[in-house]
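**Student:** Protein chains in written order, with this note's numbering: chain A, 84 to 581; chain B, 15 to 431.
Since the hints were derived computationally from the structure, they do not count as laboratory data. If you're wondering where the values come from, they're calculated on a predicted model, not measured in any experiment. Hints should not be assumed to be uniformly reliable.
[Stated by the list, open to error] No farther apart than 25 angstroms at their CA atoms in a straight line, the calculated lysine-lysine pairs in the PhoX-like style are these:
#: 1; chain 1: B; residue 1: K427; chain 2: A; residue 2: K192
#: 2; chain 1: A; residue 1: K192; chain 2: B; residue 2: K47
#: 3; chain 1: B; residue 1: K47; chain 2: B; residue 2: K36
#: 4; chain 1: A; residue 1: K295; chain 2: A; residue 2: K161
#: 5; chain 1: B; residue 1: K427; chain 2: B; residue 2: K354
#: 6; chain 1: B; residue 1: K354; chain 2: A; residue 2: K192
#: 7; chain 1: A; residue 1: K161; chain 2: A; residue 2: K173
#: 8; chain 1: A; residue 1: K469; chain 2: A; residue 2: K518
#: 9; chain 1: A; residue 1: K143; chain 2: A; residue 2: K300
#: 10; chain 1: A; residue 1: K318; chain 2: A; residue 2: K143
#: 11; chain 1: B; residue 1: K427; chain 2: A; residue 2: K161
#: 12; chain 1: A; residue 1: K572; chain 2: A; residue 2: K559
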Amino acid sequence: MERSFRIRPNGISSKFEVKQAMADHSHSETNPVTSTPHGEASPGTGEAAVRGVAPAADPKQPVAYVLAEYSTPEALVKAARQVYQQGYTKFDAHSPFPIHGIDDAMGIKFTRLPWFTFFAGGLGIITATLLIYFTNKEWYPYLISGKPLFSIPSAAPVMFELMVLFAAITTLFGMLALNRLPLFTHPLFQSTRFQRVTNDKFFLSIDARDPKYKSEKTIQLLTGLGAEYVETCHKEASAPLPWAFRTAVFLGLLLAMVPVSMVAWKRSTYSREPRIRVIFDMVSQPKKKTQTTSTLWQDGRAMRPWVEGTIAKGELKADDAFYRGLKPGGLNAVAATTVSMTNLVANQDGAAAPATPAAPATPPDPLDKLPWIEDFPLEVTPELMKRGQERYNIYCATCHGLGGAGNGLVSIRAIELAEGTWVPPVTFHSEGLRKQPIGRMFHSISNGVRKMPGYGDQIPERDRWAILLYVRALQKSKYAPLSDVPPEKVNQLTDVAP
Amino acid sequence: MSHALTPEHSTTGSHAQAGSWKEHQTLGALAGKIWLPALITGVAGLVVAAGAAAVTGGLRQFLFAYLTAFMYVLSFTLGSMLFVLVQHLTRAGWGVVIRRMQELIASAVLPLSVLFLPILVAVLMGNGEVYPWNNPAFVADHPLVQAKASYLNSGWFTVRAVAYFAIWIVITRFLLRNSLKQDQTPDPSITIKLEERSGPLIFLFALSCTFAAIDWMMSLAPEWYSTIFGVYYFAGSMVGSFALLNLLIILLQKPAGLLSPISVEHRHDTGKLMFGFTCFWAYIGFSQYMLIWYANIPEETLWFQARQNGGWEYVSLVLIFGHFFIPALLLLRRQFKRSKVQLAFVSVWLLVMHYVDLYWLIYPQFAPSPVFGLVEIGALVGLVGLFVAALVKAAGQHSLLPLNDPRLDESLKFHNI
Numbered sequence: 084m085e086r087s088f089r090i091r092p093n094g095i096s097s098k099f100e101v102k103q104a105m106a107d108h109s110h111s112e113t114n115p116v117t118s119t120p121h122g123e124a125s126p127g128t129g130e131a132a133v134r135g136v137a138p139a140a141d142p143k144q145p146v147a148y149v150l151a152e153y154s155t156p157e158a159l160v161k162a163a164r165q166v167y168q169q170g171y172t173k174f175d176a177h178s179p180f181p182i183h184g185i186d187d188a189m190g191i192k193f194t195r196l197p198w199f200t201f202f203a204g205g206l207g208i209i210t211a212t213l214l215i216y217f218t219n220k221e222w223y224p225y226l227i228s229g230k231p232l233f234s235i236p237s238a239a240p241v242m243f244e245l246m247v248l249f250a251a252i253t254t255l256f257g258m259l260a261l262n263r264l265p266l267f268t269h270p271l272f273q274s275t276r277f278q279r280v281t282n283d284k285f286f287l288s289i290d291a292r293d294p295k296y297k298s299e300k301t302i303q304l305l306t307g308l309g310a311e312y313v314e315t316c317h318k319e320a321s322a323p324l325p326w327a328f329r330t331a332v333f334l335g336l337l338l339a340m341v342p343v344s345m346v347a348w349k350r351s352t353y354s355r356e357p358r359i360r361v362i363f364d365m366v367s368q369p370k371k372k373t374q375t376t377s378t379l380w381q382d383g384r385a386m387r388p389w390v391e392g393t394i395a396k397g398e399l400k401a402d403d404a405f406y407r408g409l410k411p412g413g414l415n416a417v418a419a420t421t422v423s424m425t426n427l428v429a430n431q432d433g434a435a436a437p438a439t440p441a442a443p444a445t446p447p448d449p450l451d452k453l454p455w456i457e458d459f460p461l462e463v464t465p466e467l468m469k470r471g472q473e474r475y476n477i478y479c480a481t482c483h484g485l486g487g488a489g490n491g492l493v494s495i496r497a498i499e500l501a502e503g504t505w506v507p508p509v510t511f512h513s514e515g516l517r518k519q520p521i522g523r524m525f526h527s528i529s530n531g532v533r534k535m536p537g538y539g540d541q542i543p544e545r546d547r548w549a550i551l552l553y554v555r556a557l558q559k560s561k562y563a564p565l566s567d568v569p570p571e572k573v574n575q576l577t578d579v580a581p
Numbered sequence: 015m016s017h018a019l020t021p022e023h024s025t026t027g028s029h030a031q032a033g034s035w036k037e038h039q040t041l042g043a044l045a046g047k048i049w050l051p052a053l054i055t056g057v058a059g060l061v062v063a064a065g066a067a068a069v070t071g072g073l074r075q076f077l078f079a080y081l082t083a084f085m086y087v088l089s090f091t092l093g094s095m096l097f098v099l100v101q102h103l104t105r106a107g108w109g110v111v112i113r114r115m116q117e118l119i120a121s122a123v124l125p126l127s128v129l130f131l132p133i134l135v136a137v138l139m140g141n142g143e144v145y146p147w148n149n150p151a152f153v154a155d156h157p158l159v160q161a162k163a164s165y166l167n168s169g170w171f172t173v174r175a176v177a178y179f180a181i182w183i184v185i186t187r188f189l190l191r192n193s194l195k196q197d198q199t200p201d202p203s204i205t206i207k208l209e210e211r212s213g214p215l216i217f218l219f220a221l222s223c224t225f226a227a228i229d230w231m232m233s234l235a236p237e238w239y240s241t242i243f244g245v246y247y248f249a250g251s252m253v254g255s256f257a258l259l260n261l262l263i264i265l266l267q268k269p270a271g272l273l274s275p276i277s278v279e280h281r282h283d284t285g286k287l288m289f290g291f292t293c294f295w296a297y298i299g300f301s302q303y304m305l306i307w308y309a310n311i312p313e314e315t316l317w318f319q320a321r322q323n324g325g326w327e328y329v330s331l332v333l334i335f336g337h338f339f340i341p342a343l344l345l346l347r348r349q350f351k352r353s354k355v356q357l358a359f360v361s362v363w364l365l366v367m368h369y370v371d372l373y374w375l376i377y378p379q380f381a382p383s384p385v386f387g388l389v390e391i392g393a394l395v396g397l398v399g400l401f402v403a404a405l406v407k408a409a410g411q412h413s414l415l416p417l418n419d420p421r422l423d424e425s426l427k428f429h430n431i
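Pulled out of the complex, with its shape left as it was, chain B reads as follows (with noise of 0.2 angstroms):
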């Protein structure tokens, strides 16, 4: 992404500029105006989730709801993670200004991880409503379910959720300290140390991320398998991350005027991210799809079978739509990327898509037609409010660009042929 700079530009017209808007580009008092709002939504939602799953469905309902809320929340922070390394082990020149706010998405993992507790306390206690493979019932009934005890026990599933939790702080602490450290002092070794860092990190991350996928949502079927899964979640992740990237940006830049480094082109390629990686959500899904439809064995084909009857034929076929084709089509306009009303649009509508795609995951092993209500509606909101909160705590009043990067300059120079 390096193309030569004209001299002109490289040492007077950026630093005149420079100067001037890392001044404020900080949340300042915005911070205090959305954290309590969104924590107390947050709270609120749940407890509706909760009053109305006592009425409904009962503790199974809740426990549902919220693990599609929470994948939904924490697939955010994982996208955001991966394209951190990914643009530290690139070198990416063009990305740092929209860097920083990634980092910070990402960190909001950490009170996530607090989040993950119901489940993994409902888990502990021997509840088997949500993960078959937790009822001594059902295992007694499914020879396949034995014979993956060894994997698919309590124990060794708290292990992993904590290992995983672990390596996503490790590495999300890592990358925001040292680019906050960068902030103050600014020395490129810091970027050199975080660039060597991230290929042993992002081969932890893929594995954390693919076992973590498989453990909390797959397992959901404990007889059913298959190898792509992992890759599948991953690609939806991305897909929502970027969607929540740009809006973010769109919404902090207009009506609270920050974040005005991140010009047009920026927008324009995190636009083209968020179009390939539902280009790329839709190749996974289908290469998932058609080799088991093509072999057509009565053990894997029975999840598709689940998710192509009472109803829930109908989810899929939004999700074919309204995940790829409209989407896609939309974003392959240039001007649909580098507008911001129509990219703010194909973001939200990806945003809600990808809770589709979570729903469609997941909510199958609750019942076998679709049901979406208060409880659902309570946990989305409920998780999105301590998100939010979490994510405008995380943000702090540390700056949402960084300040001294040794690409800064060419990515504030960044532009599209």
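The shape of chain A in the complex, shown without the other chains (with noise of 0.2 angstroms):
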């Protein structure tokens, strides 16, 4: 059935080709036996006679294996079933490809390999466990976003790799270890015979130093088992590996010292040379970096700074009112009061901190005497509203609170902290401050005041304007009358304790 029935060519068309093979063979098999020092031992029981017994290459040296040759897979778990049951324990059964039962026929144990994979997995995670903790935990404490230094979920990852890696290495290495592998030579390939094993043919070999072993009666045994042909392989007089493998073996090792050394003289020596680069990323680059310098220029300075008298593109911003809260010609009275825009902040730093309670003493703010805009300088209407209450919720309302009085989470926490430093928001209902003009307003969000940072870099300008309406809104709304309320929203007043 499986022969007509063909839809995975790829399983079943080769075994039918060994089959296919191995009938070609054993009609044609022709060879003839050289030599048979050990005589017909016994005449063959199996399918096929026995045709000989037959030394390969060097019989000085003393026997290392026999070499039994079968032509079924049935025959060679047959024997092999015999020997074991005989109590030899050093044999080996070699064939073409796998062949169920033949590890039961041989009473070969279930590997030990599980358990160093096993091991080793664990061996994985605790490696993993022990890097993580004291690279992130111990050595280099290093606190990203609140979250904890060690902690299992961001562990796991790491702990499966390792787990992985280990598992998988071990698993290689230690098959390897438990074949003993890698083998350069084995005294049975000096039988030419034994080449079809690649193909076609079933062999059963028996190792010398089996103690079991006895030349004549294993031998008997063998032929005894239906084996077509039985020959001994010698040990190999040692043979030395060859030269040139001998030679680049050795170069290798040579050649792998030099970089260990080198890191280790580099590790152990100072030096004040540059550093060697062996690949040029972008670490070194062929320009000047910030806060550099430079012999190009007579004051040393890789940074230029302006060219005076220009302005770069999309910077003219001529519109006072717009861009600073001045009226037109503002800037000609900043000068005039010597203030320079980029230092208010720092002057004024302290003025109105509660924390100095000697009000009179403090001298007149600069910025009082500057020609401030009464008006918003760009058309009022429902949207800007709209945007200027989202942009304070999201930029002021952290500190300033949502409506505006100074208490926004941030503010109420650091108090709560009492760390000292912390200068509260001010109230926007406070008499000053819905009295300021709206220029000196948009004036301190632009370049901060007291504690709080400028904001002109994060909000554009027109943003900066909408906040501000939403923040006169919110004073409006402290002091509304009834009478401002729209009459059908009237009875959904309620009253809210001060």
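Using the supplied hints, reconstruct the complex from the two chains, each of which is provided in its own coordinate frame.
**Tutor:** What follows is the structure, given as structure tokens:
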């Protein structure tokens, strides 16, 4: 049925070919036997008569293996079972393909390899855990976004990977070690008939070191078990490895020492030379970096200030009202007050801080004298108000509070921590701030005030005005009369504790 | 898996045995003995659940318990369905002897489609207690759910549910019908047809299984999402279906004397698959957890927040150890896969854990603390009873093993190295 049914060409047809090949060979087997020093020990009992026993290669050396040839896997399994039952331990079966049941016939115990794998996997997990624990928690503790320095979930992928790595490597090398591989040569290769083990013949070899081994008796046993042919393989006169191979290994080991010793040398000495770069990555680029020196210019700076009187594209910002909150020509007034727009924050730092009770002693704020605009320099629309509410809730509410009372979550938390360096944000509902010119408040957002940093770099001008519009709405909401509330919403109002 | 066979085995040995076992591989009188008690147990369980729910948690609790139990029994059919398709796609030789069992388990999806009606009817009648997206008051308060309204609405939900069951019924009917046809006529072209069609079918299966898990379980928390959720349910389903398969094989072999050709070698392999999918389940579960844990984004952590508080943290720990570490370490041993008693033990263990897994997926949406009582037990016993009845009905008087599959010989001689 298998031969006629061919939906799996790989598996079925190759098997078929092997069978076919076996059949061909058994018909055309005419190999002459060269010499039979051990004589026809006993007539064959199998399907094919034993043709003889022949020594291969160098007969002066002692026998290392007795090799028996069989033409069917069944004969091999039968012979293997008999040899095992006779008490032999050092013998092996050779076949072109895996034969089911040969393990049982030979009495092979289940391999110990899984235990190697298991413990290597465990070792991998332990190694990964210790590696992560010591590098992340003990030696280089580096806090990232408040995450724990060591935790199982983040270590689990590494544990898994090292478990697989250790287990896989151990399995491979454990398998090689258990099989005593690699092996450069083997006495069985002396036999020319043995070459057909990769094609269509089945062999059983008994090691001469086996305690049960007795030259004549062992050969008799094998021939009695239906071997087509029995021969002896002799110990090889210790053939040294080829000269070229030894030299190559020696040179390879020598070369392997070079990087190691260079690293060791460099690590134990000091040098003023620039470091050697094997690969020129983006680390070294032919350009000057910020905050470095240069001999090209007299002042020695690599960073160049703007050339006097020039303005970069898009940086003109001529509209004083929109960009600075000042009345037209306000910049001249700034020059007159000797207050530079860039150091305003430094000047007034602490001036209005609540920590300084000596209010009358503070010098008058130079900002007060500037010609701030009182009206919005852009069209006020509901969309702008909505935008302002959204931006306010993103940028401002964390400190100033959703209602603008200066009770944002960050501020509450900072006061709880009582670090002593926190300057609480002011409420927007104070008399002073409600009356403050809108231009002055724009300046505060742009450049900061007291501990508050400037938000000019993060919030575009239009959004700053939108935020101010919303702040004005918040301010108005606290002092709005009932008549400002739409009549249909009046009944929704509830008294809220102040 | 194809090893060269020795001529002696492939000709004389197996055919001599073959004739002997092929005669009596049907449930026979056993079917009648199991069917009615299972049906009665099933109906009784549901009645008890409904009665208990009327006293305690009302319709909402009954539907939650019912949904959990339903997803539990459904997962067996889905896991089996997929594995039959995989066997055809990979042209597996070893597993031919277990394939019919899985085909029969999978075809229980037809009666299960009727058992889905209580949930579907509840959704269509506007019940918003189970699926919050069906509750207009909830949707009005949750802009995220409003944004998903075009997907999460009762009409589209129904269309999808019908489509899923249609796909599954078509798949299982196709697989079982052709497999049975081959019992009559040893025609290899049937096998070839099954192999060719399994590719598109497995594609449909993957989509329907993923979306069913998303629709029926993930949408219980409509604001939360996880793209791996469908795979998680699928992974648990595979564990559950192999546990069930192992248990059924062992039960049918020992007391009933059926399925004699399924040898220790086949059970060893289904045990390996159960072991593999147990690890896969943990891998997927951890992948889902770690990304959410690491990103720490509030709307994603919400779902795990509910499962790490109020007593659910203990259920989570039970899952980590009971659904992964303990069974994985046990199944790692060759002996645990080859011994009938030990394999049966781990299978029962995993069947329990699979229910705990689904309970953990679904029930935190019902209550902030674990609730487990008569309603849940009743629903579970009810649906398992009905499922067993459906299974026996599906098996009918069909042979529990394929009789003429071209790879049957290969499967019979399968041997683990």
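**Student:** Does each hint hold? Answer for all of them.
**Tutor:** Right, here's what the structure says about each hint:
1. About 22 angstroms separates the Cα atoms of B/K427 and A/K192, which keeps this hinted pair within 25 angstroms; it holds.
2. With a CA separation close to 45 angstroms, the supplied pair A/K192 and B/K47 exceeds the 25 angstroms bound.
3. Distance check on the hinted pair: B/K47 and B/K36 sit about 22 angstroms apart at the alpha-carbon level, within 25 angstroms; holds.
4. For the proposed pair A/K295 and A/K161, the alpha carbon gap of about 19 angstroms is at most 25 angstroms, so the pair holds.
5. With a C-alpha separation of about 20 angstroms, the suggested pair B/K427 and B/K354 falls inside the 25 angstroms cut-off, and the hint holds.
6. With a C-alpha separation of about 22 angstroms, the suggested pairing of B/K354 with A/K192 holds against the 25 angstroms cut-off.
7. Only pairs whose Cα atoms come within 25 angstroms are accepted, and A/K161 paired with A/K173 is accepted, the gap being roughly 17 angstroms.
8. Distance restraint check for A/K469 and A/K518: the Cα-Cα separation of roughly 23 angstroms lies within the 25 angstroms cut-off, and the hinted pair is therefore satisfied.
9. With a CA separation close to 20 angstroms, the supplied pair A/K143 and A/K300 stays within the 25 angstroms bound.
10. Taken as a hint, the A/K318 and A/K143 pair is honoured in the structure, with Cα atoms around 9 angstroms apart against an allowance of 25 angstroms.
11. Only pairs whose Cα atoms come within 25 angstroms are accepted, and B/K427 paired with A/K161 is accepted, the gap being roughly 19 angstroms.
12. Restraint check for A/K572 and A/K559: the C-alpha separation of about 17 angstroms stays at or below 25 angstroms, so the hint holds.
Hint check: a violation occurs at hint 2 only; the rest are consistent with the structure.
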